[in-house]
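Participant: Residue numbers (this note's numbering), protein chains in the order written: chain A, 1 to 104; chain B, 1 to 421.
To be clear, the hints were calculated from the coordinates, so they are not data collected in a lab. Don't take every hint at face value.
What the hints assert, rightly or not - Simulated crosslink set (BS3-like; lysine-lysine; CA at most 30 Å straight-line):
#, chain 1, residue 1, chain 2, residue 2
1, B, Lys160, B, Lys407
2, A, Lys86, B, Lys160
3, A, Lys86, B, Lys214
To be verified - A few chain A residues that don't get close to chain B, going by computed Cβ distances all over 10 Å:
#, residue
4, Thr2
5, Met5
6, Gly7
7, Ser26
8, Leu29
9, Thr42
10, Phe46
Ideal placement from N, C-alpha and C gives every residue a C-beta, glycine not left out.
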Amino acid sequence: MTVTMIGSSHVHVDAEGFLTDYDEWSEDLARQLAAKIGIELTDAHFAVLRFLRSDYAGQGETATLRRVSTQAGISIKELFTLFPGKPAKKMAYIAGLPKPVGCV
Amino acid sequence: MQRLLVLGGGTAGTMVVSKLRRKLDPDDWQITIVDRDDKHLYQPGFLFIPFRAYEPSEVVRSRHAFIPDGVELVLGDIDRVEPDAGQVHLADGRRLGYDYLVIATGTTPRPDQTPGMLGPQWRTSIFDFYSLDGATALAGALAEFDGGRVVVHVTDMPIKCPVAPLEFTFLADAYFRGRGMRDRVELAYATPLPGAFTKPIASAQLGSMLDERKIAVEADFLVERIDAEKKALISYDEREIPFDLLVTVPLNMGADFIARSGLGDDLNYVPVDKHTLLSKAHDNIFAVGDANDIPTSKAGSVAHFGVDVFVGNFCQLVAGQAMTGQFDGHANCFIESGDGKGLLIDFNYDTQPLTGRYPVPVLGPFGLLKENVGNHWGKLAFRWMYWHVLLPGRPMPLPAHMSLAGKHQPRQAGTATTRGQ
Numbered sequence: 001m002t003v004t005m006i007g008s009s010h011v012h013v014d015a016e017g018f019l020t021d022y023d024e025w026s027e028d029l030a031r032q033l034a035a036k037i038g039i040e041l042t043d044a045h046f047a048v049l050r051f052l053r054s055d056y057a058g059q060g061e062t063a064t065l066r067r068v069s070t071q072a073g074i075s076i077k078e079l080f081t082l083f084p085g086k087p088a089k090k091m092a093y094i095a096g097l098p099k100p101v102g103c104v
Numbered sequence: 001m002q003r004l005l006v007l008g009g010g011t012a013g014t015m016v017v018s019k020l021r022r023k024l025d026p027d028d029w030q031i032t033i034v035d036r037d038d039k040h041l042y043q044p045g046f047l048f049i050p051f052r053a054y055e056p057s058e059v060v061r062s063r064h065a066f067i068p069d070g071v072e073l074v075l076g077d078i079d080r081v082e083p084d085a086g087q088v089h090l091a092d093g094r095r096l097g098y099d100y101l102v103i104a105t106g107t108t109p110r111p112d113q114t115p116g117m118l119g120p121q122w123r124t125s126i127f128d129f130y131s132l133d134g135a136t137a138l139a140g141a142l143a144e145f146d147g148g149r150v151v152v153h154v155t156d157m158p159i160k161c162p163v164a165p166l167e168f169t170f171l172a173d174a175y176f177r178g179r180g181m182r183d184r185v186e187l188a189y190a191t192p193l194p195g196a197f198t199k200p201i202a203s204a205q206l207g208s209m210l211d212e213r214k215i216a217v218e219a220d221f222l223v224e225r226i227d228a229e230k231k232a233l234i235s236y237d238e239r240e241i242p243f244d245l246l247v248t249v250p251l252n253m254g255a256d257f258i259a260r261s262g263l264g265d266d267l268n269y270v271p272v273d274k275h276t277l278l279s280k281a282h283d284n285i286f287a288v289g290d291a292n293d294i295p296t297s298k299a300g301s302v303a304h305f306g307v308d309v310f311v312g313n314f315c316q317l318v319a320g321q322a323m324t325g326q327f328d329g330h331a332n333c334f335i336e337s338g339d340g341k342g343l344l345i346d347f348n349y350d351t352q353p354l355t356g357r358y359p360v361p362v363l364g365p366f367g368l369l370k371e372n373v374g375n376h377w378g379k380l381a382f383r384w385m386y387w388h389v390l391l392p393g394r395p396m397p398l399p400a401h402m403s404l405a406g407k408h409q410p411r412q413a414g415t416a417t418t419r420g421q
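Could you put the whole structure together from the sequences, leaning on the hints where they help?
Facilitator: Now the structure itself:
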């Protein structure tokens, strides 16, 4: 785990750059994390990020695409549009959460 | 009289009753197990049926033959669990009360969950091999296949036995070579994962084995629907993969009664403590084997090692003691790679599959993440072990907890910091 500088904030991140401290996240930080992977955040993105943050607080793990679609009513198709290519990973990265527990 | 009720007489459920019947006093404990039918399927054998290496009759036995004396086997469909009343309702109206409930109803492929999968091409050019019917039908289709594009596809994770689609692909490559028609077959592997497998060292090794066999990998591919007319998989981000023969692993889900009982997550898996397999919602319900949501493979080996820990814990619990067993997510699997060879992987929650050697008394050691003949024979020998040692709950020469003995550790101690997609 290392400390890195994103914008004007010092944050703790893991080897892949995912935030490791839930409370170090802010919406402003999210914009800067998103910019690092070429995404400009809109209200539609923030709706996803806020759901992910509050769901994580209750569940203790990052929601899967399926869970976002069933619980927040945002379709998987839309998630692919908002976070192209690897939506599960990108959403978690920008939301300052661990990567969803993949399955082995 | 205390009542232990086990739902599901597959690998995990059968091991639970076999072991606990010996440990719990018959004067104090009534044990009942429920399943919908009397056919116990040796699921690891399904992989070999499409290639006619096993006949369907070699993977089916009667369930009741493996249920020990002193355990009642009830056949019936489960309607729902009523946790507050401590009872289970069967579809035909029967009710079974319990003091402790063990859910072991596994996970099931659900082709109905992907639009277009169960259309006119189902079992014509679209097959699964995780059901006995599917594997048997696929044997016929492969025998008649005359060349073209074969796509092996995983719908979404988690799936039961996550290495099986890779094994199928390796075996298909060897099968077509054996028939002298590999040059007329284009083989592709479509997966929602970023590579061949989730964990980095195994993914690299298995990925290079796909490359060597000229099997194209389509990664990060999450299917939205199947266009049966075009014969193509279509992803959420609108990529298309055409096929002449599709071998798919449909979405896997836990049993529907789990959802009806309010006991499951989005995929009907029961959320449990990953070290004790005790339900997070009810302190007299456990979920073992594939039915729970623990972050490791859905596989018979996990069921086996998890049940070993559960049985010790359960005996402590009913004796009024604290449960001291801590399941570590241990899994090990032989991976068939074709031409009579195989690999072995061994891992847990914290340690990814590594290279090295896996020590086993008498039979071993087996090479880890390395193709050789011994691993293939190990896999074939396992069918005998399954029926004669594992299901009856006899001791296996494999410890429940993973050991690092013989494993080569990468510089950063091989911890599984990367967690899938």
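Participant: The structure should be examined with respect to each hint, and the outcome stated for every one.
Facilitator: Quick rundown of the hints versus the structure:
1. Simply put, Lys160 (chain B) and Lys407 (chain B) have alpha-carbon atoms about 25 Å apart, close enough for the 30 Å limit, and the pair holds.
2. For the hint linking Lys86 (chain A) to Lys160 (chain B), the alpha-carbon distance of about 23 Å falls within 30 Å, and the restraint holds.
3. Note on Lys86 (chain A) and Lys214 (chain B): the hinted pairing holds, with a Cα-Cα distance of about 25 Å set against a maximum of 30 Å.
4. With a least CB separation of 13 Å from chain B, Thr2 (chain A) remains clear of the 10 Å interface cut-off, as annotated.
5. No beta-carbon of chain B is positioned within 10 Å of the beta-carbon of Met5 (chain A); the least distance is around 22 Å.
6. Against chain B, the non-interface label of Gly7 (chain A) holds: every CB pair exceeds 10 Å, the least being about 25 Å.
7. The beta carbon of Ser26 (chain A) sits about 24 Å from the closest Cβ of chain B, which is more than 10 Å, so the claim that it is off the interface holds.
8. Against chain B, the non-interface label of Leu29 (chain A) holds: every CB pair exceeds 10 Å, the least being about 22 Å.
9. With a least beta-carbon separation of about 18 Å from chain B, Thr42 (chain A) lies farther than 10 Å from that chain, consistent with its non-interface assignment.
10. The Cβ of Phe46 (chain A) sits about 21 Å from the closest Cβ of chain B, beyond the 10 Å cut-off, so the non-interface label holds.
Hint compliance for this structure: no hint is broken.
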